[in-house]
Amino acid sequence: MAPRWLLIAPALGVVTVFFLLPYANLLLMSFFVPASAQPYQPQLTLVNYAVALGDPFQWQVLARTLKLGILTTVFTFVLGYPLAFNLARARRRVKGVLLVLLLSPLLVGVVIRSFGWMVLLADNGLLNSLLRHSGLAPDGVKLMYNEFGVLVGTVHIYLPFMVLSISGTLQNIAPDLELAARSLGASWARAFWRIVFPLSLPGVFAGCLLVFVLAVSSYVIPVLLGGFKVLTTPLLVVQTAIDVNNWPGAAAQAMVLFVASLLCIGVYFALMNRAMRGLSG
Amino acid sequence: MKRRRLPHAAFLGFVALLYVFLLAPIAIVVIASLNAGRFLVFPPEGLSIQWYVKFARSGPFVRSFFFSLRLAAVTTVISTVIGTAAALYVVRRARRSSLLRMVLVAPLQLPGIMTALALLIFYYAVGLGGGSYAGLLAGHVLVCMPYVFLTVSAVLYHFDRSLEEAARSLGAGSITTFRRITLPIIKGGVISGAVFAFITSFDQFPISFLLSGVGTTTLPIQVFDYLRFSFDPTAAAVGTINILITLGVVILTERLVGLESLYWGGRQ
Chain A
1 MAPRWLLIAP ALGVVTVFFL LPYANLLLMS FFVPASAQPY QPQLTLVNYA VALGDPFQWQ
61 VLARTLKLGI LTTVFTFVLG YPLAFNLARA RRRVKGVLLV LLLSPLLVGV VIRSFGWMVL
121 LADNGLLNSL LRHSGLAPDG VKLMYNEFGV LVGTVHIYLP FMVLSISGTL QNIAPDLELA
181 ARSLGASWAR AFWRIVFPLS LPGVFAGCLL VFVLAVSSYV IPVLLGGFKV LTTPLLVVQT
241 AIDVNNWPGA AAQAMVLFVA SLLCIGVYFA LMNRAMRGLS G
Chain B
282 MKRRRLPHAA FLGFVALLYV FLLAPIAIVV IASLNAGRFL VFPPEGLSIQ WYVKFARSGP
342 FVRSFFFSLR LAAVTTVIST VIGTAAALYV VRRARRSSLL RMVLVAPLQL PGIMTALALL
402 IFYYAVGLGG GSYAGLLAGH VLVCMPYVFL TVSAVLYHFD RSLEEAARSL GAGSITTFRR
462 ITLPIIKGGV ISGAVFAFIT SFDQFPISFL LSGVGTTTLP IQVFDYLRFS FDPTAAAVGT
522 INILITLGVV ILTERLVGLE SLYWGGRQ
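For the record, the sequence lines run as chains A and B. Heads up: the first sequence at position 167 corresponds to 167 in our numbering, and the numbers run straight through without jumps. Heads up: the second sequence at position 36 corresponds to 317 in our numbering, and the numbers run straight through without jumps.
So here's chain A without its partners, still in its complex pose:
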């Protein structure tokens, strides 16, 4: 009989060769010297980080990326919580239908979904044509090729992730707890704030983390709905690597984005910890 480890060997091989090694190589690349004739020179240096961290333009791009990531997280949370609450409390039959509605956007590619928003938000798109026709805004409103358009796109794409994450924990909260609070005289709102909401925080926590990480690294939406007017770090990284042909520079920018996201996540963890303690105290 064949040895058991043969089962794991192909998958582990793929991840090692096509994932772990390339990322190790990317990290190494960020310390190489950029060159003009070829993409890099294999000589160690810190110059890429000095450039990535010393350039006000790159800080501005990074700040915009993080801002859009945080705004996306906040909006998906505000819109996602009611959806998750409704989903978790729905009857079995209804829940199946709601799940299909919630999951079907995930099954359509991000390029196609961005195109759908382009049809709606473009200067001569459907919404603007409605606005003009109704006389609300005869000159139309700029809905796309700006940060607003990008935000609409990212919120739309990542909302289902937030909903699934929150509804997972909401579902596991015994309805008896809420009933107990109500029977002891708490109002519906008070029962929600003191019982249900605190218990659902782990799902909120996980959902926010997931959405933030996905949002700061999204590429298609800023390009199609931002129209190169909303430059974010992933766009800059690809530009530096492909158009400028400066691999070490691009690698360093990517590393800075990773570290900056990690720092944001660290701050978020600290804030959440305090919030949790405040609620339980």
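Where hints are given, some of them may not hold.
Unchecked claim - Example chain B residues on the side facing chain A (calculated, C-beta under 8 Å, incomplete):
1) Val296
2) Phe302
3) Ile363
4) Ile394
5) Ala399
6) Leu400
7) Phe403
8) Ala406
9) Gly410
10) Tyr414
11) Phe459
What the hints assert, rightly or not - The calculated label-pair distances, taken between Cβ atoms and stated as ranges, are:
12) Gly327(B) to Gly227(A): 24 to 32 Å
13) Arg190(A) to Arg449(B): 54 to 62 Å
14) Gln390(B) to Val267(A): 56 to 64 Å
Unchecked claim - Over the 10 Å line for every Cβ pair with chain A, so calculated as not near, a few chain B residues:
15) Ala290
16) Ile330
17) Gly340
18) Ala367
19) Ala387
20) Tyr405
21) Gly452
22) Arg460
23) Ile462
24) Lys468
25) Gly496
26) Ala517
Quick caveat, the hints were computed from the structure, so don't treat them as lab data. Predicted, not measured: the structure shown is a model, and the values here were computed from it. Ideal Cβ placement from N, Cα and C applies to all residues, glycine included.
Please arrange chain B on chain A, whose structure you already have, making use of the hints.
Below, chain B alone, put in the same frame as chain A:
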């Protein structure tokens, strides 16, 4: 309870609006593909199938469409086989090895565009270069295999091993046991994993964006290239066909194993 009726109705209305928000761009793509004008405006300009005709006549779109289908099919087969094998090993042999699990699903957790960049630079470093079919395929397998691994592991955790032992003690060989006992039980997980893998590959953007080249352009990249600098409603026709294919795959899965396994498998 009467006091709560009105807020409750408002709440349901809000939830309904959010579902409209979620589904609007998809419905709009389908509507735009049948629209006569270049832009979807109010009042509508009438029905037409001209964008489908344009799609069918466009060489690059049709070529990339069939290329995407083939690539997704090959990716699905490879991902399903190695993902299922890995799940069999990890769940049974290495129950406590959470490190192994983490490593295998890590490709889903790092941003796709960064993984693609790392792969591109790596391919040049090892002399494979950019735009090769093998490189693109490996990238697709990398991000599709974890789905199969997750869905099959989810089923395996609830698997009663005594069934296998019973078969073995009744004289079945290891291959017969796998074919007659193990496979039928994990079938649901395998099929939903394969569906995830197919859809992920067919809709894949970041990996294909940096790793495809001349002759290996996938459909999403072709559409993206058209939309990047101008607005072309042919994309709506492509999008609608894409949506129909996805819908077909999902309905087929529903028939075979039920949609719930798709949901729960993916959530584990």
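Each hint tested on the structure:
Interface restraint check for Val296(B): the shortest CB-CB distance to chain A comes to about 5 Å, inside 8 Å, so the restraint holds. For the restraint placing Phe302(B) at the interface with chain A, the shortest Cβ-Cβ distance is roughly 7 Å, inside the 8 Å limit, so the hint holds. A least Cβ separation of about 4 Å between Ile363(B) and chain A falls short of the 8 Å threshold, and the interface hint therefore holds. Look at Ile394(B): its Cβ gets to within about 5 Å of chain A, closer than 8 Å, so that hint holds up.
Using the Cβ-Cβ criterion of 8 Å, the hint placing Ala399(B) at the interface with chain A is satisfied: the shortest such distance is roughly 4 Å. Proximity of Leu400(B) to chain A holds as hinted, the smallest CB-CB distance being about 5 Å (cut-off 8 Å). The restraint placing Phe403(B) at the interface with chain A holds, with a minimum CB-CB distance near 4 Å, inside the 8 Å limit. Because the smallest distance between the Cβ of Ala406(B) and any Cβ of chain A comes to about 6 Å, under 8 Å, the interface hint for this residue holds.
Look at Gly410(B): its Cβ only gets to about 12 Å from chain A, farther than 8 Å, so that hint breaks. A distance limit of 8 Å between C-beta atoms decides the matter here; for Tyr414(B) the minimum to chain A is near 14 Å, and the interface restraint is violated. For Phe459(B), the shortest C-beta to C-beta distance to chain A is roughly 11 Å, which exceeds 8 Å, and the interface hint is violated. Taken as a hint, the range 24 to 32 Å holds for the pair Gly327(B) and Gly227(A), whose Cβ atoms sit roughly 29 Å apart.
The supplied range of 54 to 62 Å is met by Arg190(A) and Arg449(B), whose beta-carbon atoms lie about 59 Å from each other. A C-beta distance of roughly 20 Å is found between Gln390(B) and Val267(A), which places it outside the suggested range of 56 to 64 Å. Remark: the non-interface label on Ala290(B) is consistent with the geometry, its nearest Cβ contact in chain A lying 13 Å away (cut-off 10 Å). Chain A leaves Ile330(B) outside its interface by the beta-carbon criterion, the shortest separation being 17 Å against a cut-off of 10 Å.
Even its closest Cβ contact with chain A, about 20 Å, leaves Gly340(B) beyond 10 Å, as expected for a residue assigned away from the interface. Residue placement check: Ala367(B) does not keep its beta carbon more than 10 Å from all beta carbons of chain A (closest about 4 Å). The claim that Ala387(B) lies off the interface is violated: its Cβ sits roughly 7 Å from the closest Cβ of chain A, which falls inside the 10 Å cut-off. The Cβ of Tyr405(B) does not lie farther than 10 Å from every Cβ of chain A; its closest approach is about 7 Å, which violates its non-interface assignment.
For Gly452(B), the requirement that its beta carbon stay farther than 10 Å from each beta carbon of chain A is met, with the minimum near 16 Å. The Cβ of Arg460(B) sits about 15 Å from the closest Cβ of chain A, beyond the 10 Å cut-off, so the non-interface label holds. Non-interface call for Ile462(B) relative to chain A: holds, since the shortest CB-CB distance, roughly 17 Å, exceeds 10 Å. With a cut of 10 Å on Cβ distances, Lys468(B) stays outside the contact zone with chain A, its closest approach being about 18 Å.
Listed as a non-interface residue, Gly496(B) keeps its Cβ farther than 10 Å from every Cβ of chain A; the least gap is roughly 19 Å. Not every CB of chain A lies more than 10 Å from the CB of Ala517(B), the least distance being 7 Å, so the non-interface label is violated.
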